[in-house]
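Q: Use the sequences and the hints to build the structure in full.
Using this note's numbering, you'd call the opening residue of the sequence shown number 267 and step up by one each time.
Hint data in this document are derived by calculation from the structure and do not stem from the laboratory. We put the CB at the ideal spot given by N, CA and C, even for glycine. Possibly wrong hints are sitting among the right ones.
Between beta-carbon pairs, the in silico distance windows are [as the list claims (entries may be wrong)]:
| id | residue 1 | residue 2 | range |
| --- | --- | --- | --- |
| 1 | ALA351 | ALA735 | 43 to 53 Å |
| 2 | PRO650 | ASP838 | 43 to 53 Å |
| 3 | ARG718 | PRO589 | 30 to 40 Å |
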Amino acid sequence: MCGIAGYVGAAPPGLLPAMVKALAHRGPDDSGLHVDDHAGLGMTRLAIIDLVTGRQPMASDDGAAWLVFNGEIYNYRALRAELQARGHVFRTQSDTEVILRAWQAFGDDCVARLHGMFALALWDARRQALLLARDRLGKKPLYYAQHGGLFLFASEIKALLCHGALPRELDPDAFHHYLAFGYTPGHRSMVAGIAKLPPAHVAVLQRGGLAQHRYWTLPPATPAVPLAFADAAGRVRAAVREAVRARLESDVPLGVFLSGGVDSAAIVASMRELTSGPIATFTIGFGDAESFDERPLAREVARRFGTAHHEEVLAPDIAGLLPGVVEALDEPFADSSAIPTYAVAMATARHVKVALSGVGGDEAFAGYPRYVGVRAAGHYARLPRALRALTEQLTLRCVPESEGSRDWGGRVRRFVAGGDADVASRYIGWTRFFGERLLDDLAVPALRARWREDVEATAREAFAAHAHADAVDGAFRADLASYLPDDLLVMADRLGMAHSLEVRAPFCDHALLEAALALPPSLKLRHGRLKALLKAAFADVLPPAVLAAPKRGFMIPLARWLRHDLRDMVDDVLAPAQVRARGLFEPAAVARLVAEHRDGRRSHSDRLWALMMTELWLRRYCDRRGD
267 MCGIAGYVGA APPGLLPAMV KALAHRGPDD SGLHVDDHAG LGMTRLAIID
317 LVTGRQPMAS DDGAAWLVFN GEIYNYRALR AELQARGHVF RTQSDTEVIL
367 RAWQAFGDDC VARLHGMFAL ALWDARRQAL LLARDRLGKK PLYYAQHGGL
417 FLFASEIKAL LCHGALPREL DPDAFHHYLA FGYTPGHRSM VAGIAKLPPA
467 HVAVLQRGGL AQHRYWTLPP ATPAVPLAFA DAAGRVRAAV REAVRARLES
517 DVPLGVFLSG GVDSAAIVAS MRELTSGPIA TFTIGFGDAE SFDERPLARE
567 VARRFGTAHH EEVLAPDIAG LLPGVVEALD EPFADSSAIP TYAVAMATAR
617 HVKVALSGVG GDEAFAGYPR YVGVRAAGHY ARLPRALRAL TEQLTLRCVP
667 ESEGSRDWGG RVRRFVAGGD ADVASRYIGW TRFFGERLLD DLAVPALRAR
717 WREDVEATAR EAFAAHAHAD AVDGAFRADL ASYLPDDLLV MADRLGMAHS
767 LEVRAPFCDH ALLEAALALP PSLKLRHGRL KALLKAAFAD VLPPAVLAAP
817 KRGFMIPLAR WLRHDLRDMV DDVLAPAQVR ARGLFEPAAV ARLVAEHRDG
867 RRSHSDRLWA LMMTELWLRR YCDRRGD
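A: As structure tokens, then:
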């Protein structure tokens, strides 16, 4: 695991060492540079595999090609054997050299043969070409910028900003997407002029031009093959076990983020099948918020599989954690799960360098209540329009929102709203922080006038590709195309690497996801039960309480904290004078959100958090210069 950075063109003296230094948290074990007359590559290394000889940048035998690589290649042993059979001789035991030899054998198309998580850059001095590539789901990040005749790339934005001439200004379309969903899109960053190489893409920079292409997509719709539920559960058990097995490859100890959910429990169960050695598990709890606290269920899993279990209690000292979170993410990020993720990564990094996470299990095996909503939406749409309108009026008047971890009131209110829209629009609307009508009131006209992109396009196109003649499959695909790579995997990478911790996600194994999408959603949501298939796959080994527990999510009691513990922070960050001076939002609209939330009329916790994170990011990244 590493941080990588580099350039093509004429770089200012000292730029590359400064970029590498800015990424030191991603790899405190080693660092390296290669510079020639046309390009420079740098890296910081967190040593996981081949601790002695896996140094980077790594050169080809003739010194004409240089590689820096961030990630892990899980099939590197099999690929190495294939390359040795072709006559390639290896100098190290590292997966880095396997990538380099694969490129020599297969060219730029070698990326499609890599099974793992990665972002890489390869400078080919003969062609004067830079190859950039990113893994299929986007587990590892890669940003780039062009300034004059200089092309820059890095694992994180903070490294690119070491070039003092890059402007620190908002990208308006990225900001629009952020306000809609709480995170920036897969191809843009919040900083104007800094872009992301999207997941599953290869880019080649040559003669000043950057050409990109996608090398992998979610599998298309295929005719459903009849499959018994028990047989499907057996396939899932085997697929999860294999994904976990691949991620146990390490020359250092590893652990597991253990919540009270079935995803992380299934990972621990699979690990115990694969090893009799020690397993370290780590859980975050909330001592004053029982509905958000998963420690009791996590303890049951730890006891069941004999793990060395560690717990931390997160108190509402968010003011103390927030600067580190903002610094780690580089962009505004409104998913409040970042707080416990940051805390559990900090606790885990005291013990191990690698941790497995259950991220991706919800998208692969139907873990979100909104998937049941998609199923119900088809029936609801057949009701007479007048009855739907009356239902919406009565619900909004009589059903209050909840501040617990499940918020059934809020879910019902969102479900009945917009009943005339198509199911894709309704589903995407359920995932938004601010709808366009709210943004019309919130954003100042000058900001709205700069919005050009359709922020829902990616999710809508993914939804339209649904298989099995089932809209629920469209919901899976929408989340796999946007929410998983641009929110959850960003959070896992940045907040883990902020503490020099590598996070591996078995449920994000592309082969596992392809197998999961081939299964009808009716099996995953059997009888309307979330994760029915995954639970059945592990029913014989998991504690009954874990199998029976409702979905909670990795959440904090944010609504209550904003009213009480974080009240002073809200007053500071969202003060009318501050909002007016910033010039992005209408002060009256922000004040109305704050007042409604404090009075208990509406729960605006996610929206207020999005606005707060915007201001905190602007203070750190745009108001402060030169650091």
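Q: Check each numbered hint against the structure and report the violated ones by number, ascending.
A: Going through the list in order, the structure violates no hint and respects every one.
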